[in-house]
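Model the full structure from these sequences, guided by the hints.
4 protein chains.
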Amino acid sequence: MKLRMGMVGGGEGSFIGTVHRMAAELDGTIQLVAGAFSSDEKRSIRSGTEMYGLVPNRCYNNYKEMLLRESQLPADQRIDFVTVVTPNHLHHPVAVLALESGFHVVCDKPATFTLPEALDLKVRIDQAERIFALTHNYTGYPMIREARHLVQIGALGKLRRINVEYIQGWLADRLEVLGNKQAEWRTDPSRSGTAGCIGDIGTHAFQLAEFTTNQKVEWLSSDLSTFVPARRLDDDGNILLRFEGGPKGVLCASQIAVGVENNLSIRLYGELGGVEWSQLEPNSLVVRWNDRPFEVRRTGGPGVHEPAVEATRLPAGHPEGFLEAFAVLYKNFARAVRQCASGTAIGNCEQDFPTIEDGIRGMAFIEAAVASSQQNSKWTKLTTE
Amino acid sequence: MKLRMGMVGGGEGSFIGTVHRMAAELDGTIQLVAGAFSSDEKRSIRSGTEMYGLVPNRCYNNYKEMLLRESQLPADQRIDFVTVVTPNHLHHPVAVLALESGFHVVCDKPATFTLPEALDLKVRIDQAERIFALTHNYTGYPMIREARHLVQIGALGKLRRINVEYIQGWLADRLEVLGNKQAEWRTDPSRSGTAGCIGDIGTHAFQLAEFTTNQKVEWLSSDLSTFVPARRLDDDGNILLRFEGGPKGVLCASQIAVGVENNLSIRLYGELGGVEWSQLEPNSLVVRWNDRPFEVRRTGGPGVHEPAVEATRLPAGHPEGFLEAFAVLYKNFARAVRQCASGTAIGNCEQDFPTIEDGIRGMAFIEAAVASSQQNSKWTKLTTE
Amino acid sequence: MKLRMGMVGGGEGSFIGTVHRMAAELDGTIQLVAGAFSSDEKRSIRSGTEMYGLVPNRCYNNYKEMLLRESQLPADQRIDFVTVVTPNHLHHPVAVLALESGFHVVCDKPATFTLPEALDLKVRIDQAERIFALTHNYTGYPMIREARHLVQIGALGKLRRINVEYIQGWLADRLEVLGNKQAEWRTDPSRSGTAGCIGDIGTHAFQLAEFTTNQKVEWLSSDLSTFVPARRLDDDGNILLRFEGGPKGVLCASQIAVGVENNLSIRLYGELGGVEWSQLEPNSLVVRWNDRPFEVRRTGGPGVHEPAVEATRLPAGHPEGFLEAFAVLYKNFARAVRQCASGTAIGNCEQDFPTIEDGIRGMAFIEAAVASSQQNSKWTKLTTE
Amino acid sequence: MKLRMGMVGGGEGSFIGTVHRMAAELDGTIQLVAGAFSSDEKRSIRSGTEMYGLVPNRCYNNYKEMLLRESQLPADQRIDFVTVVTPNHLHHPVAVLALESGFHVVCDKPATFTLPEALDLKVRIDQAERIFALTHNYTGYPMIREARHLVQIGALGKLRRINVEYIQGWLADRLEVLGNKQAEWRTDPSRSGTAGCIGDIGTHAFQLAEFTTNQKVEWLSSDLSTFVPARRLDDDGNILLRFEGGPKGVLCASQIAVGVENNLSIRLYGELGGVEWSQLEPNSLVVRWNDRPFEVRRTGGPGVHEPAVEATRLPAGHPEGFLEAFAVLYKNFARAVRQCASGTAIGNCEQDFPTIEDGIRGMAFIEAAVASSQQNSKWTKLTTE
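Chains as they are written, first to last, in numbering that gives the first Met the number 0: chain A, 0 to 384; chain B, 0 to 384; chain C, 0 to 384; chain D, 0 to 384.
Just so you know, the hints here were simulated from the structure itself, not pulled from any lab data. Treat the numbers as computed from the prediction; the structure is a model and nothing was measured. Incorrect hints may appear among the rest.
Chain D stretches covered by chain A per the calculated footprint, using a threshold of three residues with CB under 8 Å from any CB of chain A [to be verified]:
#, stretch
1, 250–260
2, 265–275
3, 284–296
4, 374–380
A few chain B positions that, by computed beta-carbon distances, are all more than 10 Å from chain C [claimed, not checked]:
#, residue
5, V95
6, A127
7, S220
8, D222
9, E270
10, S376
Facing chain B, according to a computed beta carbon distance under 8 Å, are these residues of chain A, among others [to be verified]:
#, residue
11, R231
12, E260
13, P281
14, L322
Idealized CB from N, CA, C, for every residue including glycine.
This is the structure we're talking about:
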């Protein structure tokens, strides 16, 4: 039987709600059956029925109602988990109530509104003994998993230089006053938090760097900017990084790089080899060596390792994209939920997806980046305490 | 309510069955509920329950049983349409019985085993007044639709040169004797028909050329080859093309181009402009002009036209791939089925997907290509009568 | 001491004369000292002094005068060789007189106006015991030499499929009536010969295919077109190829592929591996295998073989281009001339550049391509007799 | 008549001497006639005669002797200018003596060993009234000139973000102790100065950023590293930049990015548009806009502006590379020298190449980068006083 999913947020005008629905259902193990898509009742029902094909009585006015009423349904009908795709300031209350109601949780990044909230959320997750996945979806790409594997087996040698970027141009103009809902909440401190660009996409870059290298950023020196006049949060930033154990790097994030679509890229150089990847052509991984020609590993192609193969659905040459990568997280989440459901201790479930640990790191990154920038790029320790 | 889909073929070891399931369900309008996945009863049930999460009583021993028993289910339970993903020789009998049983049909390409079968199938479709879609899935890519639109509005001027290729390398060795089921039936004349490579992938290239240009190939001169010793069907071919109205071109198809994944590409050059596209990077369309720099149009990006936008789900920079393109056909098919169900005359349903007409053209192409090659590349008229 | 070069043709309005001058002088072993740049006396002098910085008394009215008067100069002043860059119909008379005057010859392609002329020229070269180089300049690219080497050592296995293209768009409009001198003579049968596009650039593609594979085209089936109204020679063509020993291929040449700059590309697929190269990014060679990721060999990079290294001047990452490749032919030509001058028997001089043999093959190719096209693409044997 | 060039440095084992010779002579306006190629007499003569084809009596034991004896030659024989290609610590003394001897000077970058030397050199140049060119050769690429032009005409709007990188991998291992002469002096503080990587290639990136944007870096925050054990100078660095007037950026330089050849790249994003360029494919310039598809401008192609056209020799599609870009500087230098020789006041000569001003900026950059890094990335003002 498929796992049943309930969504909070993701109503009309949302892009990410549909993404979660498609990603969750792609591998045939999950089905969206309920949701509180909007705080406006009519809108929630309209979203549920028209966008998601749900029956009206599973479309709720708000998340509290949804969690309460779903809890009261028979076990073979009620949702198994809740996906949280609201603006950032609601992540913590929704997730906490979902956990307390006994549901597993999938939550969009950044995990919470503040670092203390993220730390608190971790406590709640542990107490609830539920599965919690954070959708740093770019980790689902097979070639990211290949890159990470190459680091893990030492193929690249000790890492030295790390360049990670997340560059967009869609906020080069002041869309937030032109009726663009995506722009509105992302540039509103009361819904986004203390950071704009660096929280919205810088966290993805940061998490990707730590995920791929399996190493932690220890110090950072940040220069955040707000280029668009009257914007209230940063829309661009450059951050020097020092990782534990010696590697150094740079993280660039921007939403004002006019004309650039969505270029998350990462390059790692070690003593023996290097890898280069860009989300815009996600099925290729350039692997460089000093003593032989560079090679290009491909999703589904020869020579890639098991972690990449596991995240692949199609033969080489059949491009897999953003949704497929996203779906890898849901596929692995579903496996963990089933293990949990069949009695496996929570600590023994395979949690092959970003978790609240990534969320805490991400919030600590945001706080350190903002603090450093406010102190004229002072080197700031990234601490999660 | 979602449309209910029944599948014939696509059992264990099949790649394409899962592809159809994922593509059909992606947009939330279709759900696979039944299937005759294998002629082996246990295998069919195992496939249905394990690969597709179906309940056992909707997994049938064979397509005849499925069509009969599904017909007897209440209207709100039985399947709405049948997807045919068997080897080629079964397309005609399955499709015909499905139509006669009152179901709409989605069929894998090539449409049938022979041209007469395809012509016959068209008659049956017309008689049955059902929707029939042929999954030339590559037509679903947004940038293919942009290319076609540029031709249609005359932006490229009168076309002159057309290069279309479908190049693979996976059959460079004799996999058909090494237990590879995909290779087995594709190289077996009793299941594939008179052509190997040219039928399996050459038809995709042919259809893409006619689809994108909206012009018909009138004459061809073909040189087919079998490079792998003891193989029974062609595994490579080069074909000169002459289109109605003057354009000329070349079609190259190969399954022995060692190391090449799945490179379907098309280039069109008219009097005023040109376009170039490759399935390996499907979200870009190069558009060339003589008097200004070439531009690259992108899925979801600025400047693309409505037919491309309609086939796009995500903002620019979120790569869409093979499954998303495939799903466009199902999405459009579902719309036509709903229109039909709500009483629209069959001729007025929007059939924005390849149909039996494409299937007939494809079969005529195969027959002409084989005939020409057998006559030392004699120019052969492509006729559908 | 540098070799002294005299040029015939290449006056004002010529592009190729300057190219030859730059290429010849690049490696410091040759210097242009004389020329008959135009049949118009004033123009010849003006070209020589202004374009090439020569002293007026080495700028001649015509090639006969140049060859005569240079012959009479002291041995340490007179030219060592003649470069022929006239329209095609003058190649033979100029080259023959140069040889008879005792000079070595560098000649632009195609070698002559007709096949009989090319055969005759070979006799003259043999008689004169002079060095003759034909500037199929694209053979000078290091990555072409790497590709050829990979074929020669059997790394790709027995070849099966060969795709070669030379695609341009600059003649998409009827420039020949708009005062473009390059277009004028290239579309004029009295100066170009029986073929337009296929002679001008098709020969480059043909020669590159034979050079790289070290195999000969035996049969061809050709479909040449003239798309621009009132043009007198072909401006586009597609040719099926059958090589001695079994490989098959396609040659596409076009000058009406609007917006395409100068895309000479070649792809070779054998039983074990494949290579792909395009002149537009000439410093990369894609090398494909069935069992491991594809690699990209680079000019000056690790893993490339001696023949490529010899043709390279700069470390990897310092792009070498068209002129550098061209200069490789002159560098090798200069070496052969010096060997000859120092008494090495002509047959023992290292002639690592295209010669009259390539010229004869090229003329035979043109004649066969035109003949086949005139006979509705009849398979035509490529014969040099 | 060609200008006569004398070289200091560039003997056996040198890569850059030959580069200068080829670049200087490419356009037919300059000829190398003399040199002091090595402080070892025999080696200097051997280099001059074998590498450069000079007569022995123009090969000198050292630069002082060359400058003295060349000064004494008749005006129509002696050199017109001196090219300085020694290790960095000799730039100042050689250039100064050359100027005092009445010669124009071409000097490799960085201009001098220290900032005070560079400031002093400027005074000497002004006093001598000679032309001085600094070979920041990458500014010679046509597409760099196109990018700069787009900035100048305001096509990109006010600039916001600038990313510039110069990434190599050749020093990932400790080559300086393995007999690699290039590595030896570059990692030796007594010959290179206070900086390694950041002086050797970081200065190129810095100059390219200022050249292309026509804006000055005002502040920087630098994190330099030495990754290879026991190396005496930095081999990697990341630098935050703040430009006068508001733009921000990042400069990354590395010589330990294993497997990367020579990737100098620059990206500029303004309010209206952006440009992206990489030296590894130097003939393309990506130009991005928010409201229409991105375009790719090409060397020699349609739509590019006069400054790019002036730096181009060949039609589009005939790749120009490193040497051709380098030669643009020499071509422009030769023009200025001729203007000067024909009596134009030094201030009125067209000096379309980097000059001592760039040299001073470069030395100031190096000093600020080193100082900032030593003070834990303190924001440091880039001052040239």
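Outcome of the hint check:
Restraint check on the stretch 250–260 of chain D versus chain A: 7 residues with Cβ-Cβ distances below 8 Å, three needed, restraint holds. Requiring three or more residues with a Cβ within less than 8 Å of a Cβ of chain A, the coverage given for the stretch 265–275 of chain D holds, as 7 such residues are present. Taking a C-beta to C-beta cut-off of 8 Å, the stretch 284–296 of chain D contributes 4 residues in contact with chain A, enough for the three needed, and the coverage statement holds. With 3 residues having a Cβ less than 8 Å from any Cβ of chain A, the stretch 374–380 of chain D passes the three-residue criterion, so the hint holds.
The Cβ of B/V95 lies farther than 10 Å from every Cβ of chain C, with a closest approach of about 38 Å, so its non-interface assignment holds. With a cut of 10 Å on Cβ distances, B/A127 stays outside the contact zone with chain C, its closest approach being about 42 Å. For B/S220, the condition that its CB be more than 10 Å from all CB atoms of chain C is violated, with the nearest at approximately 5 Å. Distance check for B/D222 against chain C: the nearest CB is about 5 Å away, which does not clear 10 Å, and the non-interface claim fails.
At roughly 7 Å, the least C-beta separation between B/E270 and chain C is not larger than 10 Å, which violates its mark as non-interface. For B/S376, the condition that its CB be more than 10 Å from all CB atoms of chain C is violated, with the nearest at approximately 5 Å. With a least beta-carbon distance of about 23 Å to chain B, the hint placing A/R231 at the interface is violated under the 8 Å criterion. Interface restraint check: A/E260 against chain B, minimum CB-CB distance 3 Å, threshold 8 Å, status holds.
Because the smallest distance between the Cβ of A/P281 and any Cβ of chain B comes to about 6 Å, under 8 Å, the interface hint for this residue holds. For A/L322, the suggested interface contact is upheld, since its CB lies about 7 Å from the closest CB of chain B, less than 8 Å.
Hint compliance for this structure: hints 7, 8, 9, 10 and 11 are not met, and every other hint is.
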